[in-house]
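Chemist: Sequence:
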Amino acid sequence: MTRLALISPLALMACAEPAQDQVSRFAPQYMGVETALLEGDLVQFGVRMSGARSAADLDDYAECAAAQYALIRGYGFARHLRTNVNEKGGVWAADAVYTISPSLPRGAKTIDAEVVVAHCAENGIPTV
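Here the sequence shown is numbered in my numbering, starting from -16 and rising by one per residue.
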């Protein structure tokens, strides 16, 4: 008597390699920074990018721009005030406002410019 082995199609699928289109990588395209000094130490940053995973990627990009701007102006710190983000046709845009200062400002969303710029460089996020 000959025995036939039945193999479940699901078992065979578990051995297959994932299709190429199932693998996605974070591949952002940074599309530039526009900087405007609003008044005194108040600075506005407009950033644009495609390939963002979420608004957090725009926040990171704007923070990198703010940190580098602070260093260029001879300051060591910045404080985030607000960010407005929108997305249209795959292009994300953010309008962020920061204050820059020579000493650590009061507030919860402060950044050490040198530390942030180093982090941006490590993660391939451009600055101003």
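No wet-lab data here; the hints were simulated from the structure.
One thing to keep in mind: the hints can contain errors.
[Claimed, not checked] Between beta-carbon pairs, the in silico distance windows are: (1) 14 to 104: 12 to 20 Å; (2) 8 to 55: 17 to 25 Å; (3) 67 to 36: 17 to 25 Å; (4) 22 to 73: 30 to 38 Å; (5) 86 to 9: 30 to 38 Å; (6) 71 to 98: 31 to 39 Å.
[Said to hold, decoys possible] Result set (SDA-like, lysine to any residue): computed pairs, CA atoms no more than 25 Å apart in a straight line: (7) 92 to 8; (8) 71 to 102; (9) 71 to 24; (10) 92 to 72.
We put the beta carbon where it would ideally sit given N, CA and C, even for glycine.
Chemist: All hints, please: hold or fail.
Modeler: Consistency of the hints with the structure:
1. A C-beta distance of roughly 19 Å is found between residue 14 and residue 104, which places it inside the suggested range of 12 to 20 Å.
2. A hinted range of 17 to 25 Å for the beta carbons of residue 8 and residue 55 is inconsistent with their spacing of about 32 Å.
3. In this structure the supplied range 17 to 25 Å holds for residue 67 paired with residue 36, their Cβ-Cβ distance being about 18 Å.
4. In this structure the supplied range 30 to 38 Å holds for residue 22 paired with residue 73, their Cβ-Cβ distance being about 34 Å.
5. Taken as a hint, the range 30 to 38 Å holds for the pair residue 86 and residue 9, whose Cβ atoms sit roughly 35 Å apart.
6. Take residue 71 and residue 98: their Cβ atoms lie about 33 Å apart, and the range 31 to 39 Å holds.
7. Simply put, residue 92 and residue 8 have alpha-carbon atoms about 29 Å apart, too far for the 25 Å limit, and the pair is violated.
8. For the hint pairing residue 71 with residue 102, the CA-to-CA distance comes to about 28 Å; that exceeds 25 Å, so the pair is violated.
9. About 31 Å separates the Cα atoms of residue 71 and residue 24, which puts this hinted pair outside 25 Å; it is violated.
10. Taking the CA atoms of residue 92 and residue 72, the gap is about 30 Å. The hint is violated against a cut of 25 Å.
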